[in-house]
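Undergrad: From these two lone chains plus the hints, build me the complex, please.
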Amino acid sequence: MKKFFSSALARGLLWQVIGFFIGAGLVTGIRALMGLTTTDTFFFTEPAWVLGALFGALSFLVGCGVMDDWIKWARGIDTHDNHEEHWHGWEKYINVSFDHKVIGIQYTMIALLLIAIGGTFAMIFRTELAASQLQFLTTDLKLFGQNGPQLYNTLMSLHGIVMIISILLGISGIINYAVPLLIGAADMSFPRLNAFSYWIAVPAAITLVSSLFLGGFDTGWTGYPPLSARAPVGMQMFFMGVFIAGWSSILGALNVVVTVLRMRAKGMTAFKMPIFVWAGLATSIIAMTATQFIGLAFQLVMFQRLLGMGFFDPTKGGNPVLFQHLFWFYSHPAVYVFILPGLGVISELLPVFVRKPLYGYRWIAMSSIGIALVGFVVWAHHMFTSSMNEYLRVPFMYSTLLVSVPTGVKFFSWVATLWKGKISTPTPMLFVLGAIVVFLMGGLSGPPHATVSTDLHLHDTYFVVGHFHDTIFGGFVFPFFAAIYYWFPKATGRRMNEFWGKVHFWLMTPSFFILTFGMMYVGLLGMRRRIADYDPALGIDTAHLILTIAGFAIFFSVLIFFINFFYSIKNGEKAEGNLWNSRSPEWQVPSPMSLHNYPTPIEVIGEPYDYGLKDSPYTRFVEAPKGKGKH
Amino acid sequence: MQHFVIVGILVIITTILTYLGLDVAGLAKQQHPIAASAQSVSIDQLWQWEMIVISFLFAVIFVPMMYSLVAFRQKKGEMKDGEHMEGNTSLEIAWTVIPLFLVVIFAYLGGWSLGEVRRVDPQALVINVKGQQFTWTFEYPEYGIITNELHLPADRQVVLKMTSIDVIHSFWVPEFRIKQDVVPGRITEYRVTPTLVGNYKVRCAELCGTSHAYMENAVIVNTQADYDAWIAEQAELAKLAAQTPEGQGRLLTVRNGCTGCHSLDGTPLTGPTWFNIFGKTEEMNDGSTLVIDEAYLIESILNPNAKIVAGFPSPSVMPAFVFSDEELANIIAYIKTLK
Ligand code: HEM
Ligand SMILES: [Cu+2]
Ligand SMILES: [Cu+2]
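Each protein sequence line maps, in turn, to chains A and B. Letter 379 of the first sequence, counting from 1, is numbered 366 in this note's numbering, and no numbers are missing. Adding 7 to a residue's 1-based position in the second sequence gives its number in this note's numbering.
Hints listed in this document are in silico derivations from the structure and should not be mistaken for laboratory results. This structure is a prediction, so every number in the text was calculated from the model and none was measured. Where hints are given, some of them may not hold.
[What the hints assert, rightly or not] Straight-line distance between alpha carbons at most 30 Å, and here's what the computed DSBU-like set of lysine-lysine pairs gives: (1) B:Lys346 to A:Lys601; (2) A:Lys259 to B:Lys346; (3) A:Lys407 to B:Lys82; (4) B:Lys346 to B:Lys314; (5) B:Lys346 to A:Lys561; (6) B:Lys87 to A:Lys601; (7) A:Lys79 to A:Lys(-10); (8) B:Lys314 to A:Lys409.
[Stated by the list, open to error] Label pairs and their in silico Cβ distance ranges: (9) B:Pro326 to A:Ser(-7): 51 to 59 Å; (10) B:Val204 to A:Gln122: 29 to 37 Å; (11) B:Val329 to A:Pro523: 37 to 45 Å; (12) B:Gln231 to A:Gln122: 39 to 47 Å; (13) B:Val48 to A:Asn134: 41 to 49 Å; (14) A:Leu360 to B:Trp56: 53 to 61 Å; (15) B:Ala101 to A:Asp65: 56 to 64 Å; (16) A:Leu293 to B:Val204: 36 to 44 Å; (17) B:Val127 to A:Leu360: 35 to 43 Å; (18) B:Leu297 to A:Thr24: 19 to 27 Å; (19) A:Leu293 to B:Ala101: 51 to 59 Å.
All residues carry an ideal CB built from backbone N, CA and C; glycine is no exception.
Same shape as in the complex, but just chain B (with noise of 0.2 Å):
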């Protein structure tokens, strides 16, 4: 009787200390970084329950376990056996039955939890994104917007109806608590809804290839003042954009992902970089060199594997696009701004 009441006490006490650790390293009360949407709430509030829980089962395992290591251990030189108990049927029910319990209380919580996740508000503003390799594109329909960096209103629900074009991605931001996978040929929703203004990173979380580390965009919460401002400031642009060929080629690389791939201020990245390559004279990997003008680059978009720039790999990883004349016109006079 004794050994139980000592037991007791001890579990009582690991559990406390254990969920003390846990909640000083910040794993307890939320899950670390800071929440910024609403959905977190359900989430951080259904893992603090998870924690206590696990707190109080590992103690009730763990401390017993120890506590026999040093009360029932085999003295030097003793050879005796320890009490023969084969089992007792109560007890086993019992441990079964409780945790039962356990599970049927949890499978509700987590119910709950993820109805109040998935809740939806029709009034929610639409977003499309495009995840391809190694980069997010976001369109802000209504305002004809393209954009590499996702700017939302704190306060207000948000749909992100997702796809990729490659293979497949998976947009988390970790301060939302969500992740949800963007998967070609199909559109994935994403409704969260910001509740803290900041700067955030969206980052890939479905390994992608070679540089899924890197596959991580700026999102940027701001206040619905601020967020309109941003988008009459964005919407002016693009209407004036709209409107000169140069322009209208930005949108265009912008909306295909083009610089995923291609940075336009010289850091190589998976494939050449934009700076200043009108005109420059340039290596393929056949040892040829040739100076870049319009019917090359307008070979290298249509058919990128016709030829391929030394030190980069073959076949090439570039997808084969479609544009019709007028658009590579604009792509190229755009590409030609770029020293």
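So here's chain A without its partners, still in its complex pose (with noise of 0.2 Å):
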């Protein structure tokens, strides 16, 4: 417990409420110096709450120590360019490190710790949907300032936003711990600005979460306005929030950027790269162009709501659908962010399990990058339905079908991957099979939204929601776990349970493949996206009831991996060797790895995928040239 207190963590959060009442107490204080009011409904007034998440989250990152560094450095003292570890087990990942392995583990912790509480979210309103009619999120309820339909509305909605950021963390977390490995780096380019995209994603989850206890918000992750510029003050912490897990999204990706383009392996070609590494870079590119618009447009209902600007107010000469446009500017490009990673582990690991080369490995790295760049230009197929100017739909629907030809491209490739192979499936493989299957049902489901005349009735419908469902379960959640599964000995040096592991697939899979499939059956009927409760009269219910059971099944499912991954930490049988007998550099040597990776720098001497050929090893070590320890 001591141990706990003196971390980094523990300050950062005591710092986090310090500056939180810092903040809110000068806006209340000049409000009072004003004459203007000074409380309301949840204590503080809007202002009051803002700037002083605003401030909190700002403390948070001084209190920590990330910054410790660059403040030496401001004020003219030198700092070790190579910094000692000071914390051992688990303290390591409450502190502040800036070794990338532990920057990854401490993102994919906090990705989980988002997923338990999204997935719990979800539960929630699921079982309010088991039925027609409110069943306990009835009018009567009053939690947290707001009445059962409300609180059904806020829970929906933080499941959709927290569930994005616990992704865009999760892949970070992959990243950050398997590119530097894959590449043949010590480290990421700058692991100061690494820890910092990380320990700023922590305030950031806090005050996203915190819009729960005031008030809530009822928009959807979405936050259209005006709806959002009429919501209680939890809307605010949901745009803060957002706002600041943008910062993390955007410098962590600039950091993957440079590391993938200046940190490579002596012999490491473009075309040499591990196809992870492409995927990443491809992500990262999004990341850090696109992230800003959603910064943006949330930055300006903020302002909106707090200094009366009508950006968006039609009233004051605003326009409520130019906020779609800079949303989906984003957010369109962020569900390529979600799923390129994941596409990548797909493709990382398919070859080792398969025991042959990654069939077509230009074609996927090139599809990655081309998926990125289309996917840039699609964004207005969201608003089909918006007002906007009609001709504009059919551009977007061309550009948008396009899309499918750079993922088929994917799918053709993985197939012939696993032709003529020697396949094996433990865990992992089983994971990346179920991602290509459920990521083929979204890839299919996606044309119909595409050509508008259909979308007409699928929009804002179950359709859709099943659709994502599946893509970002395929393109993320399932590679995801793969990924886990894959380098968790890497990190511990012990594996995870493989019973459990396939009890965790076989129990998750199908119940999934019901729920989405269910939710594009009931969409189709007629049941709408976002209600709280739906029409007797649709004949849906005993749909209902079924998705709900196999939602529960999920939730299980991911349970006992919880355990089986929180178990194997300490339990888990040792496997400090090359377990899945892959080519790549990082199994080369034992597992967990030392600080700075390789013992010695390794060098590119063939092809990443060459299984079957003899002798045609991908890397191997070279001395490192005396006295110029460079990293």
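TA: Structure follows, in structure tokens:
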């Protein structure tokens, strides 16, 4: 316990609270002087909450110490480039570390925590949906300043955004952990910036979840005004939380781009990079350049609420549809941010378990870049019914359909990789295969949204909900689990239990098919998105009951995963060698890896996936040139 | 070679089975809710073609994948690698170009279908629609009719001119297949030609707040004759009503959507019910009580925040309205009749 209270995390949290009160106090003081009201439903006024949240997040960063070195540099004090690790065991993960492996694990842990929170929210409202009429989220219920239906909206909205942030942190987790290992680097290009990107996500997550207690918000994760301009204070915490999490995304992505461009091992030319590195690069290019738009859009609504600037208020000459453009200009590319790393994991692990080269490596690499680029010009397919200029719907239909071409290339190449291999199916491979099939369902349910006229029926129904759960589970959740089962031994020197891993898979996958297929089914029948209650006349009560049961089955399977995960850290079977018999450099050294990764630099002398070709190693170790310890 | 033959046959079988499965579930030839508009024809047609292609694409990926898992499994204890195949450029080009063809075809069909849906009949019947939290109001401008139920004649194109007074809503009748957002500050257009007599519902499809789930109003499609009869009857009623203060008051409340939040029969909605409201003793949220009289009603309409009834949110969710003295008197006359 003492170790916890002296940790960076605890210090950060304490400072966040102090910072909050300074910010909120400042606004309240000024308002008092100006003769304005100083208290409101949730004690402080809205401006006080907003400035408090911002100050709190900034104070957290100062308090946890992630900026210490920068502050020292600013004061002209030198710091050790080669910082030492002071912490042992779990303490490492709640203190500031610059080691990319530690940061990768920190990201993964917070992502898992948010998955647990977001999943719990989903179970609550999924239970409410099990039958028509309101069962327990009724209008009589009063909690956190909300009645039942309002709480439903808050939980539904928070489920969405908490999961999205968790995905962003989860991909940062895998990328941070794996990319430097895969390219043979000792760390990321900017280790301090890397730590900063992680630590800023902590206050962001806290700010975001705090909205639940401040009246919540009823707009869904899309936060469209004018509704979001009228929602309770919780809305501002949502905007602020996402705004701050965006910094984490942008800075983290910048680091990845520079690392991939500058830190590769000798001989690793572009087309000799492991395929996951391509995916990480493509994702990071999007995250680095598009995140600003959602930040901006949210900031404008915050200002509209705080300062009365009518950006999106038609009575003041504003335009509500403009918000949707700004929002989707990020949020469409963002869905590719979510999935490209996952698709990279699929491509990276397939050859290992198929014992065959990745089929059409260059095509897969280029398709990631292709998806990333085309993904920038399809955003308005979310707005076919929005009342934007009618004729614009046609070009956006074309561009959206075009995305299926590079996506198809990936599928065909995966299938060709499987063909005539020597396939084995331990848990990570099961999740890779599951990912392919689930993502296929997501990809196939996309084009009916793209052709405008059919989307006029599908838009804002459960069909969309089914579509994107398929894409996100296939493109992120399944690969994320695959990556954890696969690299867990690398990180801990132990492996997760195979039996329970398989139980996890076989419980989750069929339930998930039932869930999303059922969602699409009820959507076609007239089930709208984001409603707490549905018309019994639609005849979808039974279907909804099945969906809820399937939802709980998924929840329990993930619970099994969690238990397996935490149990195996200390008690898993020892696995220090090349457990999966992989060609990748990180598996050529014992697990867990030491600080700065490889004892001597590596050099690329072959192709990454030459399985089945004798005497063709991918990398070899070279003696370090004496005296020049460069990293 | 033998592998390819087996997989080819399985792909064909799986395609057919997948499509049949979708069809049995009612999701292939039509998108389940019965089609009730001329616009739904091309939409359902396009949908059916898409389901065929999707069934095929599903089989093309899924079957060889499952086949490989069975046929190319590593035997127990075997440590061999698979065949060393790195790729094949012509194959890659093929599976880039063939899907590209499909994309072009569906881009064309998508455009065609959209054109069908948006086909304009200059003779279309115009109805004004207003969306607000949490109800719809329909105005038949030629007849001075204002209602909360949409009545439409079959086989005639109707154009709804829609706007919202608060947040974004979306007009969707699943049986008509099409939806269109209703945006404050603009007028959006919804063209539909109902073809099937029956009772449907317009269901708001854009999250608009607490009671969004219940923003559903009746849509009634009648034969032209029945529709004309309904119009005549309503127009008559409207004319009569316009001659009495209560009647005018009622029109004002419907036109302004008051009854979206205030019920007339005692059910609690977003705001207090109007049933038996006049002369009632009501408790306010500051604990005081008062008897509801004309002055209180006028204040509540013009400045909803002045006093708030216990149990309702503060600040009030009701917008402030602007009415002339005469209009206020009419509204109050109407409210007094609600006993
Ligand atoms: C061929 C591939 C795809 C096509 C053609 C496609 C098309 C579309 C279209 C047109 C919509 C808007 C539907 C509507 O709101 O009416 C949509 C929604 C969505 N798609 Fe996709 N999509 C594809 C792949 C993906 C992928 C890979 C993801 C990644 C996670 C994804 C995630 C989403 C999400 C999250 C939404 C809903 C957003 C919201 O309204 O909250 N889609 N998709
Ligand atoms: Cu999109
Ligand atoms: Cu609504």
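Undergrad: Next, verify each hint and record whether it holds.
TA: Status of each hint after checking the structure:
no., hint, result
1, B:Lys346 to A:Lys601, "93 Å, violated"
2, A:Lys259 to B:Lys346, "82 Å, violated"
3, A:Lys407 to B:Lys82, "13 Å, holds"
4, B:Lys346 to B:Lys314, "23 Å, holds"
5, B:Lys346 to A:Lys561, "79 Å, violated"
6, B:Lys87 to A:Lys601, "11 Å, holds"
7, A:Lys79 to A:Lys(-10), "11 Å, holds"
8, B:Lys314 to A:Lys409, "76 Å, violated"
9, B:Pro326 to A:Ser(-7): 51 to 59 Å, "54 Å, holds"
10, B:Val204 to A:Gln122: 29 to 37 Å, "36 Å, holds"
11, B:Val329 to A:Pro523: 37 to 45 Å, "40 Å, holds"
12, B:Gln231 to A:Gln122: 39 to 47 Å, "44 Å, holds"
13, B:Val48 to A:Asn134: 41 to 49 Å, "43 Å, holds"
14, A:Leu360 to B:Trp56: 53 to 61 Å, "29 Å, violated"
15, B:Ala101 to A:Asp65: 56 to 64 Å, "60 Å, holds"
16, A:Leu293 to B:Val204: 36 to 44 Å, "52 Å, violated"
17, B:Val127 to A:Leu360: 35 to 43 Å, "37 Å, holds"
18, B:Leu297 to A:Thr24: 19 to 27 Å, "25 Å, holds"
19, A:Leu293 to B:Ala101: 51 to 59 Å, "57 Å, holds"
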